[in-house]
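So the protein lines, in turn, are chains A and B.
Under my numbering, the first residue of the first sequence carries the number 1, and numbering increases by one thereafter.
Under my numbering, the first residue of the second sequence carries the number 277, and numbering increases by one thereafter.
In short, the hints are calculated from the structure, not lab data.
Fair warning: this is a prediction, and the values are worked out from it, not measured in the lab.
One or more of the hints may lead you astray.
As the list claims (entries may be wrong) - Think about it this way: if two alpha-carbon atoms lie no more than 25 Å apart in a straight line, the pair counts; the simulated SDA-like pairs of lysine to any residue are:
1) B:415 - A:100
2) A:247 - B:437
3) B:288 - A:253
4) A:12 - B:409
5) A:139 - B:283
6) B:291 - A:158
7) A:16 - B:371
8) A:139 - B:376
9) B:291 - A:167
10) A:15 - B:375
11) B:529 - A:99
12) A:139 - B:295
13) B:415 - B:283
14) B:523 - A:99
15) B:288 - A:247
16) A:253 - B:375
17) A:16 - B:415
What the hints assert, rightly or not - Some residues of chain A that are not near chain B, with every Cβ distance over 12 Å (derived):
18) 46
19) 76
20) 250
21) 254
Glycine residues also receive a C-beta, built at the ideal position from the N, C-alpha and C atoms.
Protein chains: 2
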Amino acid sequence: MKVIETIAEMRKARKKLGEPVGFVPTMGYLHEGHIALVKRAREENGSVVVSIFVNPTQFGPKEDFKSYPRDTGRDLAMLKPLTDIVFMPSDTEMYPVYYDTWVTPGEIATRLEGAVRPGHFRGVDTVVAKLFNIVQPDKAYFGQKDAQQLAIIRRMVDDLNMPLAVIACPTVREADGLAMSSRNVYLNREQRKAATVLYKALTLAKEMWEQGEQEAGTIRRRMTALIEGEPLGAIDYISVADPETLKEVHHIKPPALVSLAVKFGKTRLIDNVVLE
Amino acid sequence: MKVIETIAEMRKARKKLGEPVGFVPTMGYLHEGHIALVKRAREENGSVVVSIFVNPTQFGPKEDFKSYPRDTGRDLAMLKPLTDIVFMPSDTEMYPVYYDTWVTPGEIATRLEGAVRPGHFRGVDTVVAKLFNIVQPDKAYFGQKDAQQLAIIRRMVDDLNMPLAVIACPTVREADGLAMSSRNVYLNREQRKAATVLYKALTLAKEMWEQGEQEAGTIRRRMTALIEGEPLGAIDYISVADPETLKEVHHIKPPALVSLAVKFGKTRLIDNVVLE
Numbered sequence: 001m002k003v004i005e006t007i008a009e010m011r012k013a014r015k016k017l018g019e020p021v022g023f024v025p026t027m028g029y030l031h032e033g034h035i036a037l038v039k040r041a042r043e044e045n046g047s048v049v050v051s052i053f054v055n056p057t058q059f060g061p062k063e064d065f066k067s068y069p070r071d072t073g074r075d076l077a078m079l080k081p082l083t084d085i086v087f088m089p090s091d092t093e094m095y096p097v098y099y100d101t102w103v104t105p106g107e108i109a110t111r112l113e114g115a116v117r118p119g120h121f122r123g124v125d126t127v128v129a130k131l132f133n134i135v136q137p138d139k140a141y142f143g144q145k146d147a148q149q150l151a152i153i154r155r156m157v158d159d160l161n162m163p164l165a166v167i168a169c170p171t172v173r174e175a176d177g178l179a180m181s182s183r184n185v186y187l188n189r190e191q192r193k194a195a196t197v198l199y200k201a202l203t204l205a206k207e208m209w210e211q212g213e214q215e216a217g218t219i220r221r222r223m224t225a226l227i228e229g230e231p232l233g234a235i236d237y238i239s240v241a242d243p244e245t246l247k248e249v250h251h252i253k254p255p256a257l258v259s260l261a262v263k264f265g266k267t268r269l270i271d272n273v274v275l276e
Numbered sequence: 277m278k279v280i281e282t283i284a285e286m287r288k289a290r291k292k293l294g295e296p297v298g299f300v301p302t303m304g305y306l307h308e309g310h311i312a313l314v315k316r317a318r319e320e321n322g323s324v325v326v327s328i329f330v331n332p333t334q335f336g337p338k339e340d341f342k343s344y345p346r347d348t349g350r351d352l353a354m355l356k357p358l359t360d361i362v363f364m365p366s367d368t369e370m371y372p373v374y375y376d377t378w379v380t381p382g383e384i385a386t387r388l389e390g391a392v393r394p395g396h397f398r399g400v401d402t403v404v405a406k407l408f409n410i411v412q413p414d415k416a417y418f419g420q421k422d423a424q425q426l427a428i429i430r431r432m433v434d435d436l437n438m439p440l441a442v443i444a445c446p447t448v449r450e451a452d453g454l455a456m457s458s459r460n461v462y463l464n465r466e467q468r469k470a471a472t473v474l475y476k477a478l479t480l481a482k483e484m485w486e487q488g489e490q491e492a493g494t495i496r497r498r499m500t501a502l503i504e505g506e507p508l509g510a511i512d513y514i515s516v517a518d519p520e521t522l523k524e525v526h527h528i529k530p531p532a533l534v535s536l537a538v539k540f541g542k543t544r545l546i547d548n549v550v551l552e
């Protein structure tokens, strides 16, 4: 496994990689969710590139860019058996002082996470476009956990005619159902326990749907009541939406994306399930 | 020479082209300026792709998208001896109804043309990014005549790490100095004659610089006086700026870009010269 820090060296190394090239962009502090993406990339490609880059442009001024958890030594050890190249550029390598071009998603980025985190998805699209141009993968792997991010990246790849396939992988969960996330480390013991309410609410939604409930409002109300029973959690949103456009739906026609954001203290967790 | 109208077919044909691939994006209604770009691409590459696409997203709502001159038969005849593939997509092939991702230049696009044509360079960056992803050229050729467009595309290619070289080619002029432009066809006989004032003013700037004048303000005043002597022309701007950032300069340190926009009736002409 090669660790590369400059764009020029990454381009050079790219030319020698076995085809096809699978790519997993990450912000590091890896967990089993990331590793599942890397394993899938390993199975489906001749070589695998993983990037580790905590992208400053997707954090708001009051968000956790500086405190975002980092542990490169551990990340590299986890990747070693599965990865050909780890691309780990510095902030200034990616964004020189004169940097000033942005890839901007449209209406889809105004909803859900985008409504709460203005500019977030501009940062995501921009860094992913850059990484795609540097790594030039044939296939790129993203987790279903960040459902809006996935939809926006699919939209970007399709709109800008990027020559690669986007592959979505299922959310990996802890034994009690909590979706794996680098931010789970922020939770104290009580919050960690309370956070299982996200998956409980999503499971409730799925069960209601499977038992014939088709009204989004009814499902949302029952989910709201369930989460409000957990005093440590504060609901940011509960959404039932089209998985491609993220537009809210009233009467559910599958597939529909049920997603939610709940705060525990300062830590905001998101999760989702797709009704098929 | 193959004429291709779909993205899927263009991608397929791209794989069979001799390397390196040179690319000249155009809006058609070709003149000797375009042909100089294609000839240069021919000399420097194993194969040449030219696109003809009047890009709707770079025209403002009150601009000349519908009336922009078109003559595909003539364009194809001019390209035939020099070109391997002409890529000529429809509007809906490039922008399906759900289209909603934009490549947006920053501060550099707020000046000069960008100040007068809001959204113009967002349309330019977006369509050029799309065409680059579809054609995947090694080298792309642009005319120095559209100096701000050139600077913005260079900025985009550099910022987004696009894997290709941008090559600028000198402005091609009519015998009397008027820069070739598809929009020159809009001028009536009197306006056409009056339009030579642009090049006269730029030549004056160059002569003043060569004779030791270093103050942008002095040069601009003399150019203004010269153009105001032409009653058919109305000055939009006269600028002396850094060729990379387009920021106005006061005391000239070469290289400096002297550029101007002048209206003749409804027709707006631009031109420039670089002081070395």
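Those earlier numbered hints the structure runs against, lowest number first: Of the numbered hints, 2, 3, 7, 10, 15 do not hold.
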